[in-house]
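Peer 1: Assemble chain B onto chain A, guided by the hints.
Line by line, the protein sequences are chains A and B. Using our numbering, the first residue of the first sequence is number 56, and each one after it goes up by one. Using our numbering, the first residue of the second sequence is number 36, and each one after it goes up by one.
Misleading hints may appear alongside valid ones.
Here are the simulated lysine to any residue pairs, SDA-like style, with alpha carbons at most 25 Å apart [what the hints assert, rightly or not]:
| no. | chain 1 | residue 1 | chain 2 | residue 2 |
| --- | --- | --- | --- | --- |
| 1 | A | K521 | B | F126 |
| 2 | A | K504 | B | D122 |
| 3 | B | K113 | B | S188 |
| 4 | A | K432 | B | T93 |
| 5 | A | K527 | B | L91 |
| 6 | A | K521 | A | L71 |
None of these hints come from the bench; they were simulated from the model.
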Amino acid sequence: MLNKLRSLPWLLSTLLIAAIAASPLYFILTEVQKPTQEMWEFISEEIEIPADPADTSPPENEPSPLQNYISGSLIMLAGVTTLTLIIGISTAWLTTTFRFPGRTTLTILLCLPMAIPTYVMAVMYNELLEPHKFSLFLWIRDTYSPAAAAQCSIYWKFTLAILILSLSFYPYVFLAARMAFKKQSQAYIESSRILGRSITSTFIRISLPLARPSIIAGLTLALLETINEFGAMKILGIETLTTGIFSAWLDFDELNSAVRISAIMMLIIFTLLILERLLRGNKKFHTHRSAASENPGITTSKSNITIIYTTTLAITTLAFILPIYKLIQQASLALPDQNLQPYLDLILSSSWLAIRASILIIIAATLLAYTARITPKWWILLTTKISLLGYAIPGAILGVVLLSVKGTLHQSADSTAQWLFHTTVTGLIIAYAIRFLTVGFNPIEAGFKKINHNLDEASTSLGRNKLTTLLKIHLPLLRHSFLAAAIILFVDILKELPLTLILGPSNNDTLATKTYGLFAAEERIPEGSIPALILVATSLLGLLILSTILKDKQP
Amino acid sequence: MNHQQTTLTAKNISKKLGGKPILKDISLNLIQSEIIALLGNSGCGKTTLLRIIAGLETPDQGTIHLSEKNITTLPPEKRNIGLVFQDFALFPHMSVKKNILYGLHNLPKKQRNTRTQEILKTTSLTEHQNKYPHQLSGGQQQRVALARALAPSPSLVLLDEPFSNLDASLRENLRKTVREILKKSHTPAIIVTHDQADADTVADRIITMTNQT
Numbered sequence: 056m057l058n059k060l061r062s063l064p065w066l067l068s069t070l071l072i073a074a075i076a077a078s079p080l081y082f083i084l085t086e087v088q089k090p091t092q093e094m095w096e097f098i099s100e101e102i103e104i105p106a107d108p109a110d111t112s113p114p115e116n117e118p119s120p121l122q123n124y125i126s127g128s129l130i131m132l133a134g135v136t137t138l139t140l141i142i143g144i145s146t147a148w149l150t151t152t153f154r155f156p157g158r159t160t161l162t163i164l165l166c167l168p169m170a171i172p173t174y175v176m177a178v179m180y181n182e183l184l185e186p187h188k189f190s191l192f193l194w195i196r197d198t199y200s201p202a203a204a205a206q207c208s209i210y211w212k213f214t215l216a217i218l219i220l221s222l223s224f225y226p227y228v229f230l231a232a233r234m235a236f237k238k239q240s241q242a243y244i245e246s247s248r249i250l251g252r253s254i255t256s257t258f259i260r261i262s263l264p265l266a267r268p269s270i271i272a273g274l275t276l277a278l279l280e281t282i283n284e285f286g287a288m289k290i291l292g293i294e295t296l297t298t299g300i301f302s303a304w305l306d307f308d309e310l311n312s313a314v315r316i317s318a319i320m321m322l323i324i325f326t327l328l329i330l331e332r333l334l335r336g337n338k339k340f341h342t343h344r345s346a347a348s349e350n351p352g353i354t355t356s357k358s359n360i361t362i363i364y365t366t367t368l369a370i371t372t373l374a375f376i377l378p379i380y381k382l383i384q385q386a387s388l389a390l391p392d393q394n395l396q397p398y399l400d401l402i403l404s405s406s407w408l409a410i411r412a413s414i415l416i417i418i419a420a421t422l423l424a425y426t427a428r429i430t431p432k433w434w435i436l437l438t439t440k441i442s443l444l445g446y447a448i449p450g451a452i453l454g455v456v457l458l459s460v461k462g463t464l465h466q467s468a469d470s471t472a473q474w475l476f477h478t479t480v481t482g483l484i485i486a487y488a489i490r491f492l493t494v495g496f497n498p499i500e501a502g503f504k505k506i507n508h509n510l511d512e513a514s515t516s517l518g519r520n521k522l523t524t525l526l527k528i529h530l531p532l533l534r535h536s537f538l539a540a541a542i543i544l545f546v547d548i549l550k551e552l553p554l555t556l557i558l559g560p561s562n563n564d565t566l567a568t569k570t571y572g573l574f575a576a577e578e579r580i581p582e583g584s585i586p587a588l589i590l591v592a593t594s595l596l597g598l599l600i601l602s603t604i605l606k607d608k609q610p
Numbered sequence: 036m037n038h039q040q041t042t043l044t045a046k047n048i049s050k051k052l053g054g055k056p057i058l059k060d061i062s063l064n065l066i067q068s069e070i071i072a073l074l075g076n077s078g079c080g081k082t083t084l085l086r087i088i089a090g091l092e093t094p095d096q097g098t099i100h101l102s103e104k105n106i107t108t109l110p111p112e113k114r115n116i117g118l119v120f121q122d123f124a125l126f127p128h129m130s131v132k133k134n135i136l137y138g139l140h141n142l143p144k145k146q147r148n149t150r151t152q153e154i155l156k157t158t159s160l161t162e163h164q165n166k167y168p169h170q171l172s173g174g175q176q177q178r179v180a181l182a183r184a185l186a187p188s189p190s191l192v193l194l195d196e197p198f199s200n201l202d203a204s205l206r207e208n209l210r211k212t213v214r215e216i217l218k219k220s221h222t223p224a225i226i227v228t229h230d231q232a233d234a235d236t237v238a239d240r241i242i243t244m245t246n247q248t
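Okay, chain A solo, but in the shape it has when bound:
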């Protein structure tokens, strides 16, 4: 009992963070129960086509905008699942099973697409393919029919979108699969080979099933990003639930309708998360002793190595080299005439915003992780998990919800409330914190886990309380974790688009919103390529620093 009381401040902080993180969900639930607004009918109901008297077949209704949004999101999810699994697993397998010169470089190259924001990649591909697209469609129209050309244009749209998102997000699956394959014990694979199975067969029957939990986790990250995607979808002309939310809010100015669409989206996301839990299963795969030694890989024939290089370089070209080339080319068109000063200001203001949010997140994540460490009761662990839910709430939804919360608070004329949101920037930082808390939490929790509990107990036996222990023992030992968290957070927040578009102050752009604005709204591709290039360069720098830190930490 006395123990619990002493931990009270820690417990309260966790509960507070969880309450803030879960509040958007609560808001969605209450808002959905209010009466619908004007445009909801338009959004949700099928468009009836009056029956043609000459037509004997029953009248078919056009799908409602809502149905289009849902099918758009589902198609994207299905497509990205397939393609990221194929690309991610195959490249992970090739780079872990076999040993060949240049493997480390290839591995790094395969991770680089993470540095390019999806909306940038979408625009670059549009630029690359635009001339060819038209000639292709014209040919189809002439050879077949206008209807066929129209149909093809839809297939093209979706194929390109699925391709672009898969090329952007396969690194999540790649890294997860790689980690799983590397941790697998050589003993299992060798047993399989000795029992007569080929390399491929061993892969399918042994390595892959053992890696399943990890791969599913990576895939879920990719899918959460997919459903959250706004910029690329808008640029490629695809309607999804996210674009629907934007449309309801920005075009129709109807908060309630936007929230309704958000509710449907959250249902899909919860289904996704439940599926993930089920597929990951409760199996605790026992790690054989020999897993401690890293598998150096099988040496293989020159022709196989050629295949490996061809495959991975092809992917890298599509996912990284081609978009970067186009980006640099476009930027160079605009650079000579540009005054760079506004861009420097933009870099500073965007960075400062990202830094502030990152610091807030790291503090919150440390509180959460430490409280769970000192009071590992089931309800604390549950509360911690709830705090991390924010990652599953798409940026668009968060933005819409927080805007309306702000509106309600303003109306209540409460002075504290007004102070809280006195600048939209504060609201934006809180929104970033809710959304990206998980991203900061994971490396910090991993760092905590590496610190033996003995050290906590030693500190206690020497008369120090929990706060002192955290400050004097844990924090210094968590330096690497904080740095890793800070870098990932900084890069992610810098690139963030949907949340910032909705919640950001209208007169203050970030690098991301400026890029998107120039690309999409103003269609000034060369000018937009400059901030885009800055974004990519920053992300690349962050990725490289991160990989250096992680390499140093290897035992």
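Peer 2: Frame of chain A; chain B shown alone:
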């Protein structure tokens, strides 16, 4: 602190871990500056009893008194009981000196350094005081762990399998060293071990524990 009066009395301690009874109605008495050993095989509950005395676990039943004061529910940081861990648990980011200084926050500033140098001398670590744990040998690390526990002049020192992480060849010397250091500082101690030789060399009195279940 007059250690001649220090007594530890543990009465009727019972503890279940994970549903299984580990300790059933155990009582223990420690008088003046004696060193006792809890000798037993793994699973007999000796480490659990030690952790209960240290305050890292609470007993399901029973009481603990330290010099007449009931400390059964007192949190570990208030008990002034030193603890030496099996794997030493030295703070890796602090030098030997800083590790020892860490527990001296209750002393007035001027006395902290004096006390640190004093304990460094008792444990023959003066020339290593600026080194970091990873730069020390196993035997040296163990002495640091002991020094750190003894520096705040605790009423009692608990040692959990202090020699099991060390080479067999070191153990004989270290047993004698540890006993010497404990006796020099007049601090009563309880050492938990499964090794008969440890108990024989270090302790004044041996209590054998057998598996409770």
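Peer 1: With reference to the structure, classify each hint as holding or not holding.
Peer 2: Taking the hints in turn, this is what the structure says about them:
1. Of the supplied pair hints, the one linking K521 of chain A and F126 of chain B holds, its CA atoms being roughly 16 Å apart against a limit of 25 Å.
2. Distance restraint check for K504 of chain A and D122 of chain B: the Cα-Cα separation of roughly 17 Å lies within the 25 Å cut-off, and the hinted pair is therefore satisfied.
3. Our distance criterion of 25 Å between C-alpha atoms is met by K113 of chain B and S188 of chain B, whose separation comes to about 13 Å.
4. A distance of roughly 16 Å separates the Cα atoms of K432 of chain A and T93 of chain B; the hinted pair therefore holds under the 25 Å criterion.
5. For the hint pairing K527 of chain A with L91 of chain B, the CA-to-CA distance comes to about 20 Å; that is within 25 Å, so the pair holds.
6. For the suggested pair K521 of chain A and L71 of chain A, the alpha carbons sit about 19 Å apart, so the restraint of at most 25 Å is met.
In this structure, none of the earlier numbered hints is contradicted; all agree with it.
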